[in-house]
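Could you put the whole structure together from the sequences, leaning on the hints where they help?
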Amino acid sequence: MIKQLFFGSLAATGMMAGFASAATLDDVKARGELNCGVTTGLVGFAAPDANGQWAGFDVDYCRALAAAVLGDGSKVKFVPTTGQTRFTALSSGEVDVLARNTTWTYSRDTDLKLTFVGVNYYDGQGFMVNKSLGVTSAKELDGATVCIQTGTTTELNLADFFKANNMTYKPVAIETNAEGEQQYGAGACDTYTTDASGLAATRASFADPENHIVLPEIISKEPLGPLVRHGDDQWADIARWTLNALIAAEEFGITSANADELAKGTDNPEINRILGTEGDLGAMVGLDAQWALRAIKNAGNYGEIFAANIGESTPIGLARGLNAQWTQGGLLYTPPFR
Amino acid sequence: MAIVADAPKAGFRLSMLIYDTRYRSLTIQVIVMILFMGGVAWLVDNAIQNLQTLGKDFNFGFLWNRAGYDINQRLVEYSNDSTHARALLIGLLNTLLVAFLGCVAATIIGVFAGVLRLSKNWLVGRIMTVYVEVVRNVPLLLWILLTYAALTEALPPLADFRGDNPTSTMVLNNSMAFTNQYTVMPEPLFSRSLGNIDIGIFLISVDLLAIIAVIVGSVLANRAIKAHATRVQEATGDRPVTWWKSLMVTTLPLLALLLALGFHLGYPELGRFNFSGGTEISNSLMALWLALAIYTGAYIAEIVRAGIMAISHGQSEAAFALGLRPGRTMNLVVLPQALRVIIPPLISQYLNLTKNSSLAIAVGYMDLRGTLGGITLNQTGRELECMMLLMLIYLAISLGISAIMNVYNNSVKLKER
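Those sequence lines, one after another, are chains C and B.
Going by my numbering, the residue at position 86 of the first sequence is 97; the numbering climbs one at a time, nothing skipped.
Going by my numbering, the residue at position 381 of the second sequence is 404; the numbering climbs one at a time, nothing skipped.
Warning: the hint list may mix true and false statements.
[Said to hold, decoys possible] To give an idea of the interface, some chain B residues facing chain C are shown, with a C-beta separation under 7 Å as derived from the structure:
1. 77
2. 95
3. 204
4. 295
5. 297
6. 301
7. 398
[Claimed, not checked] With a cut-off of at most 20 Å between alpha-carbon atoms, the simulated SDA-like pairs for lysine to any residue come out as follows:
8. C:124 - B:403
9. C:142 - C:187
10. C:142 - C:82
11. B:249 - B:274
12. C:275 - C:264
13. B:378 - B:130
14. C:124 - B:97
15. C:181 - B:305
16. C:142 - B:179
17. C:181 - B:178
18. C:181 - B:75
Since the hints were derived computationally from the structure, they do not count as laboratory data.
For each residue, glycine too, the CB sits at the ideal point set by N, CA and C.
Here is the structure:
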């Protein structure tokens, strides 16, 4: 781990040869494979399934991107990254895109020289506790021991929240979500804090989810989204509009089942433009006309991906909430395809 | 008459750089040096260029920004309003703490195991062999994780101490508790404290300074008493009885000082979640310390064994012939000579232990690697600066340890006159 980080940092600062060139699209095409940075394992968002295949909400975004660029959603190499290694992996060119529950913040966008291409999940930081503690509000956590993933925004939010409420706490730094689950399960901390979606996923993976509750307070805004490096606007556009295409597809009712049917031509010009039957949107980003069609056909539109991985019918059971379309009272609102 | 001409003075030809043995080695050295410098220049240039491509600069200004995160184990004052430099200091102190504790414990374990491995008692010798071979042939990280798991799994969670009929209770008259997060014990408090001195970076307790001063004074006085007894013994042949004087000199001043300062113990009390009051020793420190000591102790045991075996057997035989018992032979004759062989490799084991303490993040102990190389690095995104600073600090610590140990080595090594 230390070695990994060390070499990651070396690579990030470019002391080693082989720096990623600006034209990420050409690199990906030449390689025939998309390198996608994901978590080391967070069920529902990105985790290997029983067959060793990566599956999850973030994974499906990467597959859609691969389908758009390479024509095949299976041509993705998933690179597990921790909260500590993720940005170095991206800056160094080890991954082409990072889809890893990463919060879009000012300093990451500017100082770390990264480009967030959008928000694929509007989240907020919460706390999970064992019911036996009898805690019903995060405001009652004065003096508690808190497990916290190091190198994340949650670490800073936590400090701010306790300070604002005049409370004290004992942080226990952990490296990965798996380690957090284990520490929390062993009772090494009273509460585990991370994004509420991550808490739901973690809780779902316990043997006794009914004994744990996620406290009602959401103490921060955590817009999670995929990101790429600064300096390659074409690649950033492709990543951004692939995400937008998935969201727009839900808005216009394009699903993995009817996409081929709709691609033959519809009365709605915007659907036609997205699916490449009208206009030349693909050429504008250096792709062919069917790029969005392939992205949508891979695992479905945003709503389908959500429902299949983290929706209410899955063990994780997250409601759409803020992540509903703007027409449904949510925040998902893509710029028009024209 | 033939005049013998001077031997022809051959002019310097370029080919001599290769064919003339006087110049050849120099040529090779110059070429290697140029290649080496070229390599370094290429690396530096590459780093600068790539930093420019990324649009990043290289400066350490971030160290004075607010850190914004909290640290669990800290020896001096720190809050999330402190700077990154302060967080660095906390990490550095934590590293030094575990390195110091580890070196002391590893030395004790190593010397015992090394001596016992040479024991004539078959069982004792074999047990030590098993200890050495098992411990040093399994990676250190696994030992750290194992020790930590043992502590967290075996000790009761804090929840067991709560409720009307708790399943776990505090020990030693409700003064200590072993939990799966930390061990809590009474803390020394002074009701008439002398306050603190602020030396800019952190506060130093005057009480502590006073106690140290008194202890040092007592030890010096005790030495004077013993020296006086020796002089009397040499002059008259009779050694005066000094034990009661020594006892009084070593205990009374300290007791008087503690009384004057109003010394009392602060007992820990269980609050809503955690114990408050009392001194806490986290299990991560404990696990790291134990694992480092046991692991490095195995290497030190081998060094000690080698050192003892390097002393000629005639030395022990001579000591036996003089009537020294085996224990005294070991302490007075063999070990002092063995130290000369032991010290140099011991230094490198101390360095190893110090550097290995950077595995602390595995158990969430916030050492230098955890604060500067972990959270600060991630929150600021200054990989190159943090890593270089980290390397520099570890280098400085290691060179410091080397220097101290070399001084000690010079004082025990064979004096040739």
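Hint numbers the structure violates, sorted upward?
6, 9, 10, 14, 18
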